[in-house]
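Student: Input sequences plus hints: build the corresponding full structure.
Mapping of the sequence shown onto the working numbering: residues 81 to 326, in sequence order.
For the record, the hints were derived by calculation from the structure and aren't laboratory data. Nothing here was measured: the structure is a model prediction, and the numbers come from that model. Treat the hints loosely; a few may be bogus.
[Unchecked claim] Each computed PhoX-like pair below joins lysine-lysine, with the alpha-carbon atoms no more than 20 angstroms apart: (1) 199 to 153; (2) 142 to 199; (3) 261 to 309; (4) 199 to 212; (5) 261 to 298.
[As the list claims (entries may be wrong)] Beta-carbon label-pair distances, calculated as ranges: (6) 233 to 279: 25 to 31 angstroms; (7) 150 to 299: 29 to 35 angstroms; (8) 129 to 274: 22 to 28 angstroms; (9) 206 to 142: 22 to 28 angstroms.
Glycine is no exception: its CB is placed at the ideal position from the N, C-alpha and C atoms.
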Amino acid sequence: LTNSPTDAFLPQSSSLSSTVIMSEHESKKPRSADGDDNNSISAAASSISRAIDFLTLTRSLKTTKRTGWVMRKVHQPESIADHMYRMSLMSMIASFSDGALDTNRCIKLALIHDLAEAKVGDITPHCGVSDKEKYDLELETMQYISKMLGPMMGGDEILELWKEYEEGTTEEARLLKDLDKIEMILQAQEYEVEGSHDESLDQFFTSTEGKWRTEIGKAWAAEIVSRRKIGGNSKSVNGVGKMEEE
Numbered sequence: 081l082t083n084s085p086t087d088a089f090l091p092q093s094s095s096l097s098s099t100v101i102m103s104e105h106e107s108k109k110p111r112s113a114d115g116d117d118n119n120s121i122s123a124a125a126s127s128i129s130r131a132i133d134f135l136t137l138t139r140s141l142k143t144t145k146r147t148g149w150v151m152r153k154v155h156q157p158e159s160i161a162d163h164m165y166r167m168s169l170m171s172m173i174a175s176f177s178d179g180a181l182d183t184n185r186c187i188k189l190a191l192i193h194d195l196a197e198a199k200v201g202d203i204t205p206h207c208g209v210s211d212k213e214k215y216d217l218e219l220e221t222m223q224y225i226s227k228m229l230g231p232m233m234g235g236d237e238i239l240e241l242w243k244e245y246e247e248g249t250t251e252e253a254r255l256l257k258d259l260d261k262i263e264m265i266l267q268a269q270e271y272e273v274e275g276s277h278d279e280s281l282d283q284f285f286t287s288t289e290g291k292w293r294t295e296i297g298k299a300w301a302a303e304i305v306s307r308r309k310i311g312g313n314s315k316s317v318n319g320v321g322k323m324e325e326e
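Tutor: Next up, the structure:
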């Protein structure tokens with residue numbers, strides 16, 4: 081049994097001999113420099129430990145294959161980390177073309193957007209999980225990661241970046257929402273060229289029709305689809321040039 085919270089405020093003994101009384105002189109003594117150093121060392125050690133715990137957690141992003149490709153029986157499909165890395169490159173070069181966009185923020189959003197999948201895995205609309213349940217699972221994971229890192233290692237910022245991406249209301253988040261789909265259809269087109277799939281990949285193109293939120297997204301998608309047609313892959317896709325209605 082554990083003591084109740086109020087037990088901490090109760091004297092543990094009625095004997096005065098058990099009570100340590102600090103003299104006025106002692107109470108005014110400066111804190112030991114050695115004590116400060118020890119506290120700093122302890123805090124640094126804790127920070128290092130939490131950093132390695134976080135990085136170990138993210139290893140699964142490198143080893144977990146993207147669910148959509150696995151379900152379509154793609155040979156040697158990409159990992160979640162593969163997707164996140166190229167999306168980070170996309171966010172960098174895409175943001176350069178628009179001076180109003182914060183390039184550093186775009187790259188951070190790309191690095192963070194699928195971070196929760198390190199624990200919950202790559203949940204797709206075909207996994208039988210509702211959007212709310214998926215969001216709740218991922219939010220719980222991001223809160224866990226935020227606490228693990230703490231504010232000194234960006235835990236608070238990481239959580240806020242993830243929420244920004246999920247809400248998709250800032251210009252940077254809108255771009256990243258498009259790039260998430262762009263990376264997917266580019267990968268699908270590449271798998272088709274390689275012939276490394278047993279089932280049709282049409283659904284990855286049709287699922288993005290009319291869903292572009294930015295001019296960059298619309299233009300890049302059109303280029304990818306045009307290459308797909310030239311390569312003679314599958315049927316043509318209509319509606320790639322449509323902008324999503326807000």
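Student: Please go over all the hints and tell whether each is borne out by the structure.
Tutor: Checked hints:
1. Taking the CA atoms of residue 199 and residue 153, the gap is about 23 angstroms. The hint is violated against a cut of 20 angstroms.
2. With a C-alpha separation of about 12 angstroms, the suggested pair residue 142 and residue 199 falls inside the 20 angstroms cut-off, and the hint holds.
3. Of the pairs offered as hints, the one joining residue 261 and residue 309 holds, with about 18 angstroms between alpha carbons and a cut-off of 20 angstroms not exceeded.
4. Taken as a hint, the residue 199 and residue 212 pair is honoured in the structure, with Cα atoms around 17 angstroms apart against an allowance of 20 angstroms.
5. A distance of roughly 11 angstroms separates the Cα atoms of residue 261 and residue 298; the hinted pair therefore holds under the 20 angstroms criterion.
6. Remark: the range hint 25 to 31 angstroms for residue 233 to residue 279 is contradicted by a beta-carbon distance near 42 angstroms.
7. Checked against the hint of 29 to 35 angstroms, the pair residue 150 and residue 299 passes, with Cβ atoms roughly 30 angstroms apart.
8. Taking the beta carbon of each, residue 129 and residue 274 are about 42 angstroms apart, not inside 22 to 28 angstroms as hinted.
9. Taking the beta carbon of each, residue 206 and residue 142 are about 23 angstroms apart, inside 22 to 28 angstroms as hinted.
Hint check: violations occur at hints 1, 6 and 8; the rest are consistent with the structure.
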